[in-house]
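Trainee: Chain residues, written in single-letter form:
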Amino acid sequence: MLFNSRTKSVQTFYSLLLLSLLMNEVGAEETINPDLQLHGFIAQGIINVSGSDFVNDSGELSAELTEVGLNGSYQLNSLFRLTGQVVYLDGGNRYDEGFRVNYALLDWSLHHAEDWQVNLYLGRFKNNHWLYSGTRDVPFTRPSIILPQSIYFDGFRDITVGADGAALKISHSSDLLGDFDFNVSSGTTTISKEQTQILYSEQALGKMSNSRDIKTSLYWQPADSSWRFGLTLLDADFGYEAQAQGDRFFDTKMTFQRVMVNALFEGERWEFSSEIIQERFVFDGFYFPDFHHDKLGQGYYSQFRYKIDNSLILLARYERFYDDKDNRKGDGLAEASGGLLPSYSGYQHDITLGFSYDLAEKFRLQFEYHHIEGIARLTPVVLPNLAINNSKRWDLWAIQLMYWF
Amino acid sequence: MPISFVVMFVLVGILSSPAMACSTQVIANANVTSITKSQLRQIFLMRQLYWPDKQKIVVFVLPSSDPLHQIFSKCNLGIFPYKLDRTWNKLTYSGLGVAPIVVDSHQALIKAVTSTAGAIGYAEDFAEIKDKYVIQFQN
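Chain order of the listed sequences is A and B. The working numbering applies: residue 1 is where the first sequence begins, and numbers increase by one. The working numbering applies: residue 1 is where the second sequence begins, and numbers increase by one.
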């Protein structure tokens with residue numbers, strides 16, 4: 001999803017689209033123009049990780065916690081709307097540093113009535129299927145600086161954050177049954193060399209591709225209820241084309257599937273959210289031509305937030321992730337690798353405590369502490385950096401200041 | 001899922017219910033004379049974007065910290081203000097849709113609604129507003 005990973009024509013299209021939005025803003029008069037909206041955010045923090053390479057290899061305090069974004073929306077007429085967002089992210093080892101076009105799309109209102117809305121989104125769209133995926137890069141919309149890695153694995157960020165293609169959203173509201181939102185999307189993602197090496201290690205010299213990515217989700221909020229429930233599915237195919245010379249790995253076909261359920265409760269002071277995931281990862285090749293892998297991973301988190309007042313919110317979260325549901329202690333992984341991989345590379349559990357405090361309108365300070373056991377959601381996934389990730393338990397704290405408009 | 005989760009779901013579910021006396025007027029610059037709580041919720045959650053006569057709805061609100069906004073949110077809509085913010089932020093920053101337009105003051109909100117075709121907003125119950133802009137709220 002990086003600028004330098006796109007073909008020139010696609011870059012030009014997105015740039016022109018965003019430029020047209022900005023030019024409309026420049027030309028706008030002081031009177032309110034309901035058709036145009038321009039928003040953004042900026043956040044900077046510091047993060048300290050002890051015992052893993054989650055953010056850097058040195059283990060030193062890091063300022064690689066920067067998120068800046070600008071997005072605009074322009075309603076062309078009653079049927080069509082243009083919208084786009086550019087972000088700059090720096091997360092250290094979590095993902096590749098740089099600018100990205102997060103979304104740039106044409107929103108086509110296929111049908112609108114009092115209780116039905118049908119929208120088709122064409123172009124680059126965000127993954128809006130999981131609880132926090134649609135705004136995972138927007139700091140003030142997240143419950144925590146670091147999202148639960150069982151679901152929102154930062155190593156997969158550029159692969160799961162969105163896609164180029166089409167997405168359909170159908171919304172229905174009923175006084176009797178409540179609100180329903182059905183989403184389905186199909187597209188592909190261009191995967192950069194940097195992203196490939198984040199996942200597979202720097203010894204992967206080949207090219208990773210995404211040939212198919214279908215996601216769907218259904219959300220239901222019962223009438224007059226503070227609860228919301230969701231079901232989401234994902235089915236995606238990837239390939240790895242090894243470099244002819246010098247590549248440690250072989251050509252690979254991969255299939256990645258997810259089934260997830262979630263629940264969200266939003267009361268006046270209490271909030272609860274939980275997502276449960278089962279993911280299947282199948283691949284043929286990679287380590288050697290006849291290698292076959294087919295495993296089911298599982299994970300979940302439960303998160304509580306309590307609002308002391310309108311400014312201060314406390315956070316507590318409990319998360320567990322198992323790379324192989326039939327081998328929850330990771331012993332099988334250690335055996336299969338001939339002792340190269342420790343058993344704690346087969347899972348990753350996290351206990352998080354934190355708070356956010358609104359210093360002023362649209363100006364927030366967020367802090368959190370994570371105590372983590374296991375390294376299954378660290379990168380590179382294929383060849384874990386055991387020289388650094390040599391602790392079964394590790395922890396991190398982070399503090400971030402954010403402003404938005 | 002462990003039984004403790006089910007217990008938590010139930011416990012959390014009984015902890016909240018918004019209730020407050022309404023001291024607001026619902027105002028609109030559209031071909032409507034009354035509106036139900038359900039319709040108002042759909043409009044302010046941006047799930048209904050057009051009036052029955054096909055005119056585009058333009059939603060104006062005050063900053064979420066404004067007491068009038070909080071009263072309107074809890075009383076007229078039955079939605080906690082922070083939840084409205086989250087819904088609007090998700091629409092705005094994910095590309096899915098657009099959020100209401102935020103204005104700075106009560107007077108600015110009245111002016112914005114009365115001067116924008118298809119607009120809807122709210123005002124304090126003692127605010128002097130021409131009858132044609134005040135629509136009956138059916139709780």
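In case anyone wonders, no lab produced these hints; they're calculated from the structure. Incorrect hints may have been included.
Mimicking DSS-like on lysine-lysine, the simulated pairs with C-alpha atoms at most 27 Å apart in a straight line are [stated by the list, open to error]:
| no. | chain 1 | residue 1 | chain 2 | residue 2 |
| --- | --- | --- | --- | --- |
| 1 | B | 90 | A | 307 |
| 2 | A | 253 | A | 325 |
| 3 | B | 37 | B | 111 |
| 4 | B | 132 | B | 37 |
| 5 | B | 111 | B | 130 |
| 6 | A | 253 | A | 207 |
| 7 | B | 111 | A | 362 |
| 8 | A | 307 | B | 74 |
| 9 | A | 207 | A | 295 |
| 10 | A | 362 | A | 295 |
| 11 | B | 56 | B | 132 |
| 12 | A | 362 | B | 74 |
| 13 | B | 83 | A | 362 |
| 14 | B | 37 | B | 90 |
| 15 | B | 90 | B | 54 |
| 16 | A | 307 | B | 83 |
| 17 | A | 325 | A | 362 |
| 18 | B | 37 | B | 54 |
| 19 | A | 307 | A | 295 |
| 20 | A | 392 | A | 362 |
| 21 | A | 362 | B | 90 |
Predicted model only: the values in this text are computed from it and were never measured.
Trainee: All the hints need checking, so say for each whether the structure fits it.
Mentor: Against the structure, the hints come out as follows:
For the hint linking residue 90/B to residue 307/A, the alpha-carbon distance of about 20 Å falls within 27 Å, and the restraint holds. For the suggested pair residue 253/A and residue 325/A, the alpha carbons sit about 22 Å apart, so the restraint of at most 27 Å is met. Using a Cα cut-off of 27 Å, the hinted pair residue 37/B and residue 111/B holds, with the two alpha carbons roughly 23 Å apart. Annotation: proposed proximity of residue 132/B to residue 37/B holds, straight-line Cα distance about 20 Å (limit 27 Å).
Our distance criterion of 27 Å between C-alpha atoms is met by residue 111/B and residue 130/B, whose separation comes to about 12 Å. Pair hint residue 253/A plus residue 207/A holds up; C-alpha atoms about 12 Å apart against a cutoff of 27 Å. Simply put, residue 111/B and residue 362/A have alpha-carbon atoms about 24 Å apart, close enough for the 27 Å limit, and the pair holds. Using a Cα cut-off of 27 Å, the hinted pair residue 307/A and residue 74/B holds, with the two alpha carbons roughly 16 Å apart.
Taking the CA atoms of residue 207/A and residue 295/A, the gap is about 23 Å. The hint holds against a cut of 27 Å. A distance of roughly 44 Å separates the Cα atoms of residue 362/A and residue 295/A; the hinted pair therefore is violated under the 27 Å criterion. Taking the CA atoms of residue 56/B and residue 132/B, the gap is near 18 Å; set against the 27 Å cutoff, the hint holds. Pair hint residue 362/A plus residue 74/B holds up; C-alpha atoms about 21 Å apart against a cutoff of 27 Å.
Restraint check for residue 83/B and residue 362/A: the C-alpha separation of about 15 Å stays at or below 27 Å, so the hint holds. For the hint linking residue 37/B to residue 90/B, the alpha-carbon distance of about 23 Å falls within 27 Å, and the restraint holds. Note on residue 90/B and residue 54/B: the hinted pairing holds, with a Cα-Cα distance of about 25 Å set against a maximum of 27 Å. For the proposed pair residue 307/A and residue 83/B, the alpha carbon gap of about 12 Å is at most 27 Å, so the pair holds.
Of the pairs offered as hints, the one joining residue 325/A and residue 362/A is violated, with about 42 Å between alpha carbons and a cut-off of 27 Å exceeded. Our distance criterion of 27 Å between C-alpha atoms is met by residue 37/B and residue 54/B, whose separation comes to about 20 Å. Simply put, residue 307/A and residue 295/A have alpha-carbon atoms about 40 Å apart, too far for the 27 Å limit, and the pair is violated. With a C-alpha separation of about 39 Å, the suggested pair residue 392/A and residue 362/A falls outside the 27 Å cut-off, and the hint is violated.
The suggested pairing of residue 362/A with residue 90/B holds, with an alpha-carbon distance near 15 Å, which does not exceed 27 Å.
In summary, the structure is inconsistent with hints 10, 17, 19 and 20 from the numbered list given earlier, while agreeing with the others.
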